[in-house]
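Given the structure of chain R, go ahead and fit chains E and Y onto it with the hints provided.
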Amino acid sequence: MMDLEPHVISNLVTGALLVGIALIARSVRRQRLWREAATQLWRRRRIAILVVGVYLAIGLLDSIAWKGGVPEDVVDVLPNAPLTLIDRAFLGSREASYSAPFADVEFYGGDPLRNPGSHPLGTDILGRDVLYLSLKGARVALLIGGLTSLIAIPLALFFGVGAGYFGGRFDDGVFFLISTLASMPGLLLLIALIMAMGRGTVSVCVALGVTSWVGFCRLSRAETLKLRELDYVAAARALGVTEIRIVLRHILPNLAHLIVITFVLMFSGLVLSEVVLSWLGIGVDGSWGQMIDSARNELSREPIIWWNIAAAGTALFGLVLAVNSVGDAIRDVLDPRTLKEAP
Amino acid sequence: MSALLEVRGLRTVFPGESGPVPVVDDIAFDLDRSEVLALVGESGSGKSMTALSILRLVPKPGRVDAGAVALEGENLLDLPVTAMRRIRGRRISMIFQEPMTCLNPVLPVGAQVVEAIQLHEAISTVDARARTRDLFAEVGIPDPEARLDAYPHQLSGGLKQRVMIAMALSTRPEILIADEPTTALDVTVQAQILALLRDLQRERRMAILLITHDLGTVNELADRVAVMYAGRLVEVAERRALLSEPLHPYTRGLLRSMPALARPGERLPEIPGVVPPPDQWPSGCRFSTRCAERFEPCADRVPSETEPAPGRRVWCHDVERRLDGGAGK
Amino acid sequence: MGAYVLRRLSYGIGVVFGVLFLLFILFFTVTKPDDIARRALGEKAPPEVIEQWKINHGYDRPLWPWQDWDDNLLFDHYERMLTFDFGLSDADDSPITERIASGVGPSLSLTVPLLVLGILVAIPLSLLVAFFRETYIDRMGVFLCVLAMSVSMLLYIIGAQFLIGKVLRWYPISGFDSNLLMLPRFLALPLIVGVLSGVGGDVRFYRTVFLEESSRDFVRTARAKGASEARIMTRHVLRNAMIPILTNVVLAIPFLFTGALLLEAFFGIPGLGSITVDAIAANDFSTLRTMVFIGSLLFILGQIATDLSYGLVDPRVRFE
Numbered sequence: 012m013m014d015l016e017p018h019v020i021s022n023l024v025t026g027a028l029l030v031g032i033a034l035i036a037r038s039v040r041r042q043r044l045w046r047e048a049a050t051q052l053w054r055r056r057r058i059a060i061l062v063v064g065v066y067l068a069i070g071l072l073d074s075i076a077w078k079g080g081v082p083e084d085v086v087d088v089l090p091n092a093p094l095t096l097i098d099r100a101f102l103g104s105r106e107a108s109y110s111a112p113f114a115d116v117e118f119y120g121g122d123p124l125r126n127p128g129s130h131p132l133g134t135d136i137l138g139r140d141v142l143y144l145s146l147k148g149a150r151v152a153l154l155i156g157g158l159t160s161l162i163a164i165p166l167a168l169f170f171g172v173g174a175g176y177f178g179g180r181f182d183d184g185v186f187f188l189i190s191t192l193a194s195m196p197g198l199l200l201l202i203a204l205i206m207a208m209g210r211g212t213v214s215v216c217v218a219l220g221v222t223s224w225v226g227f228c229r230l231s232r233a234e235t236l237k238l239r240e241l242d243y244v245a246a247a248r249a250l251g252v253t254e255i256r257i258v259l260r261h262i263l264p265n266l267a268h269l270i271v272i273t274f275v276l277m278f279s280g281l282v283l284s285e286v287v288l289s290w291l292g293i294g295v296d297g298s299w300g301q302m303i304d305s306a307r308n309e310l311s312r313e314p315i316i317w318w319n320i321a322a323a324g325t326a327l328f329g330l331v332l333a334v335n336s337v338g339d340a341i342r343d344v345l346d347p348r349t350l351k352e353a354p
Numbered sequence: 072m073s074a075l076l077e078v079r080g081l082r083t084v085f086p087g088e089s090g091p092v093p094v095v096d097d098i099a100f101d102l103d104r105s106e107v108l109a110l111v112g113e114s115g116s117g118k119s120m121t122a123l124s125i126l127r128l129v130p131k132p133g134r135v136d137a138g139a140v141a142l143e144g145e146n147l148l149d150l151p152v153t154a155m156r157r158i159r160g161r162r163i164s165m166i167f168q169e170p171m172t173c174l175n176p177v178l179p180v181g182a183q184v185v186e187a188i189q190l191h192e193a194i195s196t197v198d199a200r201a202r203t204r205d206l207f208a209e210v211g212i213p214d215p216e217a218r219l220d221a222y223p224h225q226l227s228g229g230l231k232q233r234v235m236i237a238m239a240l241s242t243r244p245e246i247l248i249a250d251e252p253t254t255a256l257d258v259t260v261q262a263q264i265l266a267l268l269r270d271l272q273r274e275r276r277m278a279i280l281l282i283t284h285d286l287g288t289v290n291e292l293a294d295r296v297a298v299m300y301a302g303r304l305v306e307v308a309e310r311r312a313l314l315s316e317p318l319h320p321y322t323r324g325l326l327r328s329m330p331a332l333a334r335p336g337e338r339l340p341e342i343p344g345v346v347p348p349p350d351q352w353p354s355g356c357r358f359s360t361r362c363a364e365r366f367e368p369c370a371d372r373v374p375s376e377t378e379p380a381p382g383r384r385v386w387c388h389d390v391e392r393r394l395d396g397g398a399g400k
Numbered sequence: 021m022g023a024y025v026l027r028r029l030s031y032g033i034g035v036v037f038g039v040l041f042l043l044f045i046l047f048f049t050v051t052k053p054d055d056i057a058r059r060a061l062g063e064k065a066p067p068e069v070i071e072q073w074k075i076n077h078g079y080d081r082p083l084w085p086w087q088d089w090d091d092n093l094l095f096d097h098y099e100r101m102l103t104f105d106f107g108l109s110d111a112d113d114s115p116i117t118e119r120i121a122s123g124v125g126p127s128l129s130l131t132v133p134l135l136v137l138g139i140l141v142a143i144p145l146s147l148l149v150a151f152f153r154e155t156y157i158d159r160m161g162v163f164l165c166v167l168a169m170s171v172s173m174l175l176y177i178i179g180a181q182f183l184i185g186k187v188l189r190w191y192p193i194s195g196f197d198s199n200l201l202m203l204p205r206f207l208a209l210p211l212i213v214g215v216l217s218g219v220g221g222d223v224r225f226y227r228t229v230f231l232e233e234s235s236r237d238f239v240r241t242a243r244a245k246g247a248s249e250a251r252i253m254t255r256h257v258l259r260n261a262m263i264p265i266l267t268n269v270v271l272a273i274p275f276l277f278t279g280a281l282l283l284e285a286f287f288g289i290p291g292l293g294s295i296t297v298d299a300i301a302a303n304d305f306s307t308l309r310t311m312v313f314i315g316s317l318l319f320i321l322g323q324i325a326t327d328l329s330y331g332l333v334d335p336r337v338r339f340e
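Residue numbers (the numbering used here), protein chains in the order written: chain R, 12 to 354; chain E, 72 to 400; chain Y, 21 to 340.
Be aware that one or more of the hints could be misleading.
Derived lysine to aspartate or glutamate pairs resembling EDC-like cross-links, with alpha carbons at most 20 Å apart [unchecked claim]:
(1) E:Lys131 / Y:Glu232
(2) E:Lys131 / Y:Glu68
(3) E:Lys131 / Y:Glu154
(4) E:Lys131 / Y:Asp237
(5) E:Lys131 / Y:Glu249
(6) Y:Lys74 / Y:Glu63
(7) Y:Lys186 / R:Asp343
(8) R:Lys237 / R:Asp183
(9) Y:Lys186 / R:Glu313
(10) Y:Lys74 / Y:Asp96
(11) Y:Lys52 / Y:Asp96
(12) Y:Lys52 / Y:Asp80
(13) Y:Lys52 / Y:Glu68
(14) E:Lys131 / R:Asp343
Derived by calculation from the structure, the hints in this document are not laboratory data.
Isolated chain R (complex conformation) (with noise of 0.2 Å):
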């Protein structure tokens, strides 16, 4: 195993998401009903996916990180710590404590700022700027809905098909385990997991995963099961196809617009979990739910301080909101028949 500093696998896992991006792109644009559906999506809410696509952008600049190249006279970071490039954006922005926005002198007390008029979003009470705290909740986001999603989906994918596919006993005991699972209430289960597992941004995801998978199981079994029945499946099993090579060509390609609806819908809901989980002092650090929960007792301070709740708030909403509103397309895209009404 060879060591790794945790900066140099997030620039590797950057780039692997980039690739794979691209990757996914490609195969978009060469199947044609993938492609008209993009750019129907497109037409129905450019502006949710270019705020989506900004969310991205700003997740992406803070997981590219390298050492040194810190001005002598900076004393607010650790000599030798990996700075991202979001970081590096707000080098020396931290102040002693509060400030307004765009303010000259501290909130309270009204000594002077070391960088007077340079925090459109003010400071929090340790006085770092809460510009960069929202930017860097971004990234911390996409990491919770994305890395849950890819525990979540592939877990749903395995057994959801398998029962579908298979049946029998196997069928049993994942309908039996859906049903124990979907019967303990999820944020208690959730609450119990991580209580379990230990606190950490890992297991936050894994406990998130292992609560979330159940719908998109009993959704993909539902499928199978549909598909399974499907004449051609029968003829390229009469053909002697091996079950594996049936599954894979046959019934995982019909389910793929479920998955992109799945984790589209699933993934702003996970963002939401996250901040009660802050809430419960059990979330991810830097997340914007730790920002609205410390921010909660600054609310009753005389003069308020709001801007700290505002901006984290509003990055929060502005994320899921327009997650939710491609999900809302995507699914209108992909899966016209729950909604037409036939002419």
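Only chains E and Y this time, still in chain R's reference frame:
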């Protein structure tokens, strides 16, 4: 005397990628009292949409764009919504192709017929129930009293269609629109339902607008026939005249492809191709892309109405040419 | 019918056993009794204190039946949960059963009105939106729903406490009083927040159900016999839509339970939700696992109730 129902220039459109697409275009016909008019065509020809347009039941986002539907001289398309509701079910009733899905699954069938009666008459539920029981008996439902409280899923397809017919007849309408009433049923049940419709029509002397793709059904029931293709009428004639001497190439094609008319051992001729979707209909004669007789005006110009014999109308350049030729000689 | 109920019940019991097993895995094997003791007593507690604590709390036995058939934690866990003997809190040694009993009343006084109000608000709204389908009212309604769904529950609570409680001073920010005359004043704010945060998703879901039902053939039949749109919506569409709606309402019961977690904690209602939040803060594993068990039990019972009540709404369902 004018006809009971006069349809003139009826046009129904659905929004498309580039502007509204007509699915029913310039349809005109009359329906006389106690007459059975069959509206015939392949699926996708717009015959069901014509029927729904008459009752103003075109599903959204479609709409009736132009024309008139006059019931005893009163244009239904201009009526306020509430007045139109008093026409539906009371003066014009309709039965549909799929008796399986056309009845509300969570209400007893008797209650659904009672609802139809009470919507139009101030009558107690007890009396409406008694009338429903009599209607059930009239349409040949065995043990009608017990069936009143049955749910749709407890009845066979044929029985459900009989319930639909009882519901349609419950207010003694002047016109019954029957949209493929037997298509979804078993062959033996089809014959029973057709016989029932024929008997009821004779007893009650009501007019029927029969929508079907099956010339056998036409032969059983219809007095006159209107043939539709791709949203337009191509030929209207008395049943006997149309079946024995079809003029339009499309009607001829339809008749030739009927198994009953083919000679044994002979391959059944077919019309090549299918009805194109509405947004790809040709600008001239709609049938020109599939017609064996086409010549140069067919693709560009819509054929005008010709009347080769009294009571007989055809829309075809070829017929027009031959008529003109005959007049010129 | 009888055979169906019996089979449905026995499957429910099976699921209860499954839930208990998962809880055992989570709270006895992933987090071992030693971990729980150390979290309760601190990392530096001497081993003999930990042993004594484990004996007091009944954790001093082997985990699995193959280690000791007569005296193991797995069987003990099942026996105690199924007899509702929940033992002592891991944090402060108070009896859990008593605390739960004291929390049921306040919890129900919030969740039951919340469920009822939510339905009373969401169903007429969604009928309205569905009635005006494909118009700007519909599009506006759907957009507002998505908007309402995109706001975090936490922000709803903070916003409402700040705006209604602090700035406008209509209702107290938090608190609870079991006096029936005082209670509504304290419940007003959590109820407003609860309905507001849930209504978006509900209206959007019910709208889809109503639209699906109103495109069915029997609706066309009803129109053809001259029924008015309002009558079609209430008599034909609503009755058929009851089936998915009923399912959604029952599925909402455990969500109310968890949603009440936030509402109760923020608004100072001493219910089951507050108890759970306290348990999380205090690393009180035994209380937490009891709460998960009770939540699951309620959900399973609710599901059985739904399945049986389908028969009342949908005549096609026959219990065989």
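Status of the hints after comparison with the structure:
1. E:Lys131 / Y:Glu232: holds (14 Å)
2. E:Lys131 / Y:Glu68: violated (77 Å)
3. E:Lys131 / Y:Glu154: holds (8 Å)
4. E:Lys131 / Y:Asp237: Roughly 14 Å separates the two Cα atoms, so the pair holds.
5. E:Lys131 / Y:Glu249: The given pair, whose Cα atoms are some 14 Å apart, holds under the 20 Å limit.
6. Y:Lys74 / Y:Glu63: holds (15 Å)
7. Y:Lys186 / R:Asp343: violated (42 Å)
8. R:Lys237 / R:Asp183: holds (17 Å)
9. Y:Lys186 / R:Glu313: holds (12 Å)
10. Y:Lys74 / Y:Asp96: holds (14 Å)
11. Y:Lys52 / Y:Asp96: holds (15 Å)
12. Y:Lys52 / Y:Asp80: holds (11 Å)
13. Y:Lys52 / Y:Glu68: holds (17 Å)
14. E:Lys131 / R:Asp343: Measuring from Cα to Cα gives roughly 17 Å; hence the hint holds.
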